[in-house]
Each structure stands twice: as structure tokens, then as C-alpha cells.
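All chains, please: the whole structure from these sequences, using the hints.
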Amino acid sequence: MAKIKFNINNKDVQLEVKDSLRLLDVLRDCMGLTGTKEGCGIGECGACTVIVNGDAVCSCLVLAGQLHGANVETIENIEQNEVLSKLQQLFLEHGAIQCGFCTPGMLMSAKALLDANPHPAEAEIKEALEGNLCRCTGYIPILNAVKAAGSE
Amino acid sequence: MHSIIGKKVTRVDGYEKVTGKAVYGDDIKLHGMLYAANRYTDIPAGKIKKIDLSNAEKMDGVEAIVLFKDIPGKKRIGPIRQDHYILVNDEVFYCGDVIAAVAAKTKETAYAAADAIEIEYEPIEGIFDPAEAVKPDARLIHPEFKSNIVVHYPLRKGDVEKGFGESENLIERVYRTGFHEHAYIEPETVTAAPDSTTKGYKIYGSIQNPFTTRRMVAAFMGLNLNQINILGSTLGGSFGGKDDIINCMACRVALLSKITGKPVKLTYTREESIKESYKRHPYILNYKVGFNNDGKLKSMKIEIIADSGAYSSQSFFVTWRSVVQATGPYEIENVETDIRAVYTNNSYTAAFRGFGSPQIIFAKESLMDEIAAICKISPLEIRQINGFKQGSITASGQKLDEHTVSLGEVIEKAIEKSTYNAKLDEYHKKNETGSRYKYGIGLACSYRGCSLGAEGTDTTSVIVSVQADGSVYVLAGLNENGQGMRTTFCQVAAEVLGIPLEKVAFLEPQTATIPDGGPTVASRATLTGGNAVIDGALKIKNAIFNVIKDELQVSGIDETIWENGMISRIQPLPEINPISFEKAVEKSFKAGVNVSAYGWFKAPDVSWHEETGQGNAYFTYVYGCQVAEIKVDTYTGKIEVLKVTAVHDVGKVINRLGIEGQVYGGVAQGIGYAILEDFNIQNGIIKSENLDEYLIPTIKDIHEIEPVLIENSDKYGPFGAKVIGEPTLELASAAINNAMKFATGKYFYQIPLTLERVFLGKNLVKPSRQSEAVRVTHQKKHTPRVTDIAMVTPSSLKKALIMISEDYKIISGGTDIIIELRKRNETKKLLNIFQLKELKKIKKTKDEIIIGSAVPITQILSHKAIKKNFPILVEACSLIGSKQIRNRATLGGNIVNAAPCADSVPPLILYDARITLQSKNGSREIPAKDFIIENYKTQIKPDEILTSFVIPFPKKKFYHSYYQLGRRNAVNITRISIGAMIALDPEKKIEDCRIVSGSLFDRPKNISEIEELLKGQELKEILINEIEQPLKKIIDDAIGKRWSSEYKNPVFINICKDALHDIFMKLKKKK
Ligand code: FES
Ligand code: FES
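These protein sequences, in sequence, are chains D and X.
Position in the first sequence (first residue = 1) + 159 = the working numbering.
Position in the second sequence (first residue = 1) + 215 = the working numbering.
In short, the hints are calculated from the structure, not lab data.
Hints should not be assumed to be uniformly reliable.
[To be verified] Covered by chain X, per the in silico footprint, the following chain D stretches (three or more residues, Cβ under 8 Å):
{"id": "1", "region": "161-173"}
{"id": "2", "region": "197-207"}
{"id": "3", "region": "236-244"}
{"id": "4", "region": "258-271"}
{"id": "5", "region": "292-303"}
[Said to hold, decoys possible] Estimated spans, in silico, between C-beta atoms of each pair:
{"id": "6", "chain 1": "D", "residue 1": "311", "chain 2": "X", "residue 2": "730", "range": "44 to 52 Å"}
{"id": "7", "chain 1": "D", "residue 1": "311", "chain 2": "X", "residue 2": "1022", "range": "50 to 58 Å"}
{"id": "8", "chain 1": "D", "residue 1": "189", "chain 2": "X", "residue 2": "1040", "range": "20 to 28 Å"}
{"id": "9", "chain 1": "D", "residue 1": "189", "chain 2": "X", "residue 2": "476", "range": "25 to 33 Å"}
{"id": "10", "chain 1": "X", "residue 1": "1040", "chain 2": "D", "residue 2": "172", "range": "31 to 39 Å"}
Just so it is clear, the structure is predicted and the values come from calculations on it, not from any experiment.
Glycine included, each C-beta is placed from N, C-alpha and C at the ideal position.
Structure below.
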């Protein structure tokens, strides 16, 4: 068992968890934050992407015990005071969502990019989203949505 | 004019999806819920001798284990033929068969108990080749059905032999297509909960066809339909894939729920999903065709074998569509088609977007181009000569006069929009330059029957219900799979009632509250469901009209306009004011008029004659044409799909955003099917178990897709709309294959067009023996997962060095080791060094850079001095995993595994890096080139930690080149890589030369013989060519016998020469 203290979506939390739990399990099973999804468990699909200390990471490849002191941000934190972020709004407008299962991960990867680089070039967007698989949209509407967000 | 139909409308279920609030199957947590796990078979074919549950039953927290004998109702189920074992009896038929299912208090206990169930088998020699299965003396896979042939559909038109006799040319070709995995990003999940009101069960989960699931569960449980209520959840993609497998899961959890009296959830990992789920049928297609010199097709004989795998499932329907469409949209006098689906011991196959059409389109559209070439006419002309026109007769004898036959129009549009003719010239010219890359352009077209056709009864239901305040509910007996159906239905209801879209809400359907709408398959949701919505909404509109007509002083509904929430007269009268929809509804409620209605749609009649394959197969058809433009790397066989222009006649666009989305998504799947998605199953055992080996396109693999929508309104469609979901996927593989011929001058007869197939004309697979498949490995984790780990996190390097011993495995970024831990069984003790400050620094001195071993790759990539001095290191590291992986993975982690594909190793060798290893007794340095002894083995001792990399700044001016080959453009396992650096002396002779290979030999290393050969010489084209022979000898001697060397050896020579050539060009530019 590990005692971990970290910050999630601007709240400090303290938990006692099994060493074998992944950040993904901590979020979904311990904290009820089910917006983060599991699609492969091996870092290939990006459905589990969250932001840790400003960087997009696969939460299926982070052990809970490695979280101590980290700042974690999940999809649940993007909408503030019932107002969608510009990026979320643009995802809707561009049809960047179909089944929506990749969407939380996709948004977190895009947000991490835009936070660090508000006006990314197309190649930078593709690089930021290369680890997020989407089987529905063919990526083009997603790329367009992020491009639009980057040209604001 | 419509006010809502045809517009770009954002999804009505978009809000919950962008906020993470949408509830998918695995997000459901019910009170007291148990978790289930399957005990899969260990072998693909064999008799079960003994099942020992004793160890599993003893485990704390295990609440139930169910076997075949516990099934209360029907033991076998299936949509058409009941041959599918939900829990097998005494024999297993494929690697995804389930022998037992466990329910336990925690997920981990359920998995552990499933692992602890011991099974003894008597293996049977499996049949994995469908061509073997049809042989008369083949073992019968299910003897009770008397044949391995699941179904045989014949089609006879005219007299093919006579037709061949009359033809000026005759050719025969065989095409093959592979298994195709749906790879929806959400793995399957189902939860069952006892329902005390019906003494039955409520079922939640990722369910594509709720009514089918209900039927299967009721049969399996021996209950009535009204005792099973399917509530579904938001569906994370389906593409036809969440049908049979979901039904199997639902049956198992219902049974576990019965025995325990508690809710039970079963969620799959990706590995389980790939193992158990069905795929698209692989086809072997034999086409014999007779045609005249002018390109006119005279006679076609087609024989197709479809691999149905272990069960029949949807094979009856899938292959039926193939037999209808096998000759494509071409008029041919004489046709003889026979398609047979056969049992094997492979993964079973069933519905997948396209449903029996992508295979035949790949074959016959490739064939059309070959015929055109023989006749010396263009791909366009051959299609113009033979293509369907208004009133044409299909192979099944159907006259196409009930809808607009727009084949010619879609082809013309595709030619125009893709600027096909200009591109032909452009690519011809480009290909003449002798460059490594060749360009190609190709087209393919199709016709497709809409909805179910003569496959089954085609009806659909909806409920439209107006509330007292004028807001509206729509409920459908069809399912939202992500395709945007809800939005479409809400649009249709809003359009008919003349109210804003925001007034319409789509309600989560339950099978208990709405009549069976039939399956959400065959792209039929818009066509059939849209009509049902119109039917329901019109009933309500009429009811409301009757209430207000006197007030508006009109007698017929056609004297009114319903728009923007107002009902007004077409011919306004000054004294009569329009009535708002709300007001009209209020009046209707007061008058006691019912403003809710069932909407129903029954498709027009169709017909089919089983013996002759003649009849009106579908009541309407759609037409499409796609043009693919590609670039092929002739050095490696890698294809880049530059652009696909996708022209589709959709009847009428209802939601432009939705339809364009369908095109993008469908084309992307088609591209994957054509070039990437190589489902590897050998001797019944799946080798591509997860998404690291089954590769679907990433964002870097999809370039331009241009949707072009043509609208020829259909008399049967809602507002004239037809279908779009499936046609988008079915064309790309043929168009790409035709472009391949243009680019390479070679015909290809099989997809996927993998690197090896393009380069060698055949696929290479790692050999595996059947004996390997039957070897039962005890103590294995049936479900990969991270479990039983104990991790310590020392606070300083010093403490870590004291703790480190053989018992510990070091974890840093974790991106490799966590994957490894998922697979391994033994308990692992981990020593976490990720946070150690001592290992997290990048230091620059006068002569060198020192990189701490726990520095994440991303930081290395953005470090100024590293970027400036070590460009190859940066380039190679930028190709490690994905952005997320690089944010976490460390340089130390990348090298300590000594995986042959580790991208950072060749550059470290090139730059003469030294690796520092520390133990509590001190530290030592090893040159990077000596660090790896062989693949997966390094110099590191059990008491040592790799602490840093020391990389000296190059003392000379180096010219460099680096190339990494992966199957796709991102998140690859590196197939092969090369790094080269050259420095010149004042005489412009090569003074220093370094060439390092990755993923080739038993470890990444310098190719010193070649380095020596080049030194002291002037770098010239001739010299580059001179290395070919010695290099070939070196590689052949070292790895010539490997299964992959037939591909890797020549490709490495190509890229090695190209790297030198690249440097040569840089030098030239410099001069
Ligand atoms: S679940 Fe983490 S990357 Fe797929
Ligand atoms: S929207 Fe379905 S996976 Fe992306």
C-alpha cells in the first residue's frame, strides 16, 4: 500500500492505494472520475490521457505510487462553471466527436499542447495528437478543431 | 426549402461527450456489484478432458463460477443458426471460446480465479485454412450440421460458358483479403442486474443491437422477452462489431447475476476484446472473366470462399450481400457466382461496416483496371462502357428504374474534383525522375443495396411524444453507435413539426418501452428510422392541425406552414394571426387530443430466389466513387495515401456535419484496411493481441480526404435521404490498389498491402507451429493486467543504491515496464527512481553534455545544446512512442531494456556516448557501443543503477543522416533504422565515418567494415554503390537465415545507401 498526496483538478487529495493501481484506476475506481477512458492499457490509444504537471501522459502507464506531489488534470476540469472551454466548443462545431470515446483523451492532449503553445503549426498539432487513436472521425475534423483553437 | 434538414448541425449528444459526462458501459457502478472474468481456452481446437475448479472456488471473494451445465435455457445461440457456445461444453472451437465465467467481489479476484481454473485438453488438429475446410475429406468442425459449409449462395444469369466462348479475351485472377478487426476504441462491456419487477434482468453496456441482445439473453436464460430489459449505454464505437460478442457477454453476466442475486459487470481489456471478438471475413475470390477487345464484359464466373471461423453468426447475411454485388455496378449478360462461407478454427467473422462488400469491391475494381489495361483503354472508359445506367439490369435480374442510377455522375464528379487527368500527367512526370518515391492515382466505384434487402424483415419503430409545453421526445428502436443517429432523428422531427431543434430531445431507449426497431446495421438508421420519425411526427402534426384549423380558417394541412415554432397560413389573412406551436399544443391538451405517436416504417417489398440468385434484392441503391492518390517508397514498400476524393450519392444530406464525418471516418478505416491492418492469426492463435501490433491509422497516417456529396433524392428515403455509413469504407482499398499499379507498374492481388507485400510481393510472418498452439501454459495470466506489485520509492540516489538488489526491478518513467508487468505473472518488487533529483538533470560542460538517466525524452528534445550538437539523437528520440510516452519515458529506460527497436541507442553509439553505472561501491563508465551485449541483455549488474549519459561534443564538423522505418507514421515499433555521420579532412576525403544500424543485428552497432571501406575516400555516387556487395555479405552472414531477412536485408542496404546519398547531397549543396 502507498500513501499518496497529490493535487487533482485543483483539489489536494490524500489516498491510500495498492501499489499495483495505475493512475487510471485511481481516477476511475477510487475517485469516480470516469471521464478518463481505457482503450488498450499499454500506451497505444491515448484514451486514458490526462495532464500531469502540465504534460499529457497516458494514465494507464503511471503507477499510483509515482504520483506523489503531482498536479493532475482530467477532462472533468475543462468545463468551468458550466461553461464549455473554447476547445470543447470547437470540437462540437467541427464534428470532432462521433462515438466520443477518444474525445476526453484527445481534448487533454490538445489542451496540453495549447497551454504550452497557443498557436501551434499543423505539424505540431499532429505530433501532439499522434498518440490518440480515433476510429470514428478520420481525424480531419479533430485537426480542424484544434487548428481553429490555435488561430484564436 | 428546409429549415433544419441539410444544415451543419452539432451533435445533440455532444455536450456530454466533450465533458466526460457521457456514461459508457464501464462507467456504470451499481450497488453491491460483482465483477466477472472469463476463463478462455488455452488452445484453439480440442476436447476438454477435465475442468478443475477447486483452486478457484477456494479463493476469497469468489461468488460464482458458471459452466456449460449451468445454462438454464438454450445452450447454443446465434442470429440465424444456433451454433454458438456461450460457454463451451466438451470441446473448444477457436481461441476466444470461454469455458467458465467467474463472478467475484473485485475485478482482480475474478481474474485470479479464472487463472486458477485448470483445464485438461485433448488437442485436435485445427483447420485454419478455409480452402482446407471445404475439401470433401476435411474433419467436420460442427458435425451436427453435416458440412463445413455454413451457407452457399448461387447466382445464375445467362450462360457463362457460352459467354466465354463468345469473348475475345479471357482472364482469371485470384484475390485475397485479410481479417479485419473493428478496433472500436471502447472495449466491450456489459452489466446485468436482477430486476425484481419482471423476475428477469436489466442489461446495460456497449450494446449495438438491443433487441438482438434481448432475444439471445431471454433464450439463454429460458425467460420471456418481457423479462429482459436492455438499457444500453453510450456506445464507444461499434462499426457492426458490438453485436454477437456483446450477446455472449450479456448471457454470461445474466447467468452469474442469477446465481449470485447481484449485479455483475464484465468489461474486456483490449487483449480480451481482440481474442474473443469477431472480425471481417477474409475472402478468397476467384474471378474468371470474358470480354471483348473494346472492353465490353461478356461473361463472369466468380467463386468465393469466406472464412466464417468457428461459428456461423452473420455469415448468412454478409455473404448474401456479396453474391448480390459481386459483379459490381456493371451490366454483364452472363454471370455465375457461387459464394460459400465455411467453418474453420479461426476467430469467427460477422458484421463489419461494409458487410461483405469491401472484399468484392477490392477484387472486382482491381480486375476492372486490369481488363482496361489489356484492352488499352482507360480505367474511366472501361467503367463507362460497362457501368449501370438508368434502367440497367443487375446480375440478379433487377431492373434499376426506381431510383436515379447515378454511377456515371459520381464517377464524373470524382474525376473532376480530384483533377484526375491533370494528376495523371503530374505523377507520370514525377515517376520519370528516377526518385526513390513513386506516385500513383487510382479509382474505384461501387453500387450498394440500401438497408437489409432480402436479408430480413425490414421494419423500424420510433415514438414521438409532444409534452404539454411544446417540447418533444423522440425514442427509437434503433441505436446511436456514434454515427449521429440521434441528431438526425431530432432534426427530422423538428423539421416536420416546424420547431427549433433545441425543442427536441432524444431519450435513452430501452427495449421495454419501444417496439423492436430491427438491428442498427446496414447503414439503415437514417433511411428506415428517419421514415418512422416522419410517420410519427406527421400523425401528431395532423392531430394538432385538427385542433387549430378552424382558428386558422383552413381546411387542409397543406394550406399551412409550420416553421420556427409558428404555424401560419400560406395565404395570410390580416385578421388571422399565426399560432405558436406551444399554443397549439396547449390547445390540443385542453381538447383532450393525443399528441404522442408511434412512428412505423416498413421497407418496400424485395424478393430473392435462393436457387438462381435472381430477384429484386434491395429496394434502392447508392453509388459512390473514390479516387486515391498515393506515394510509394520503393526502397521500403511503404505507402502514403496522400488524398482520397470520396464522391457519394446520399440521396439527400440531412446533417452535413454528420455525413462529412461519416466520410472521413469511413475512408480512414478503408485506408487502414488497405495498407495497415494486418490481423495476425496463426494456427488459430492471435499474434496481434493489442493495438501495438494490430495497427490502425494515427492522425499522421491520414492526410487529405475530400467528401463530395451528390443528392439524387430517393422516393423511399426521408426527405429523399439514403445511406452513407458503409459505402465510405468499401472503396479505398481498391482505389489504392489501382493507384499502386500506376505507381509501381505491378498488380497486387491481396490486402493489406504491407511493407513486405509491396516490396517482395508477399507477406512474411514469423513462423509458428501448430504444436506451439497446443502447448498449454499453466500459471499464465489469461488477462494481462498489472497486479501484485510492491514499490519502494527511495528519497535519494544514495538510498536507492543501498536498496538495489536482484529482487528489484527499477521503474523510472514506467512506459515499458508497466507493459511488461501486465504480461508477466511473478510478483515484482519495484524500485522507483523516477523522482530522484540526482538523475533528472541535464548538465553542459565545455566538452560534453551529461544527461541524467531519469530525464524524460521530451526535455531532451527541447534542450538547446542537445538540439544543436546532437541532431540525430533528437531526431531518433522524437520518434519514440507518442507525445504522451515521450513526456514520461526516460533516456535511461529506453536503453536498459536493450530492446532491438530502442530508438535512442544508435545515436548514442554514433556520438560516442558513455554510460555511467553506479553502485554503492562506486561508479564506472561504459561506452554506449559496448553497453548492450545482445538484444535484451546489457552490461548492467544487479547492484547498479544507470545514472547518466555523457556525450562529448563532436570535435569535427559532421554531416549526418538518419532514417527510421515503421509500418505507420507514428507510434511504431521500429522495423529498422540507420544513422550515418561523416566528417571530411581538408582534402575533402572522408576522415571520420560512422554508420550504425538499429533493429537489424543482434544489437544496434557500428558497421565497421563499411566505415573502414569509406574512410580516406571521396564520397561519390560510385563509392556509395560500391558498398552494396560488402554490406550484403555482412548482413547475410549475420542474419541471413532469419524469417524477416528476405525483407530486412535488401531494405537496409537501400536505406543505408540512401543515408549516404543524403549526406552526399548535403555536401554538394555546401560546395
Ligand atoms: S488506455 Fe492508456 S493509452 Fe490506451
Ligand atoms: S469519436 Fe469514436 S473513437 Fe474517436
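A quick look at each hint next to the structure:
For the region 161-173 of chain D, the stated coverage by chain X is not satisfied: 1 residues place a CB nearer than 8 Å to a CB of that chain, which falls below the threshold of 3. Only residues whose beta carbon comes within less than 8 Å of a beta carbon in chain X count, and the region 197-207 of chain D has 10; three or more means the coverage holds. Under a criterion of three residues with beta carbons nearer than 8 Å to beta carbons of chain X, the stated coverage of the region 236-244 of chain D is upheld, 3 such residues being counted. Under a criterion of three residues with beta carbons nearer than 8 Å to beta carbons of chain X, the stated coverage of the region 258-271 of chain D is upheld, 8 such residues being counted.
Closer than 8 Å: that is the beta-carbon criterion, and the region 292-303 of chain D has 11 residues meeting it against chain X, so the requirement of 3 holds. Under the hint 44 to 52 Å, the C-beta atoms of residue 311/D and residue 730/X, about 48 Å apart, fit the expected range. Between residue 311/D and residue 1022/X the beta carbon distance is about 53 Å. The supplied range of 50 to 58 Å therefore holds. Roughly 25 Å separates the CB atoms of residue 189/D and residue 1040/X, a value that falls within the hinted 20 to 28 Å.
Take residue 189/D and residue 476/X: their Cβ atoms lie about 27 Å apart, and the range 25 to 33 Å holds. Taking 31 to 39 Å as the suggested C-beta distance range, the pair residue 1040/X and residue 172/D conforms, at roughly 32 Å.
The structure shown violates just one earlier hint, number 1.
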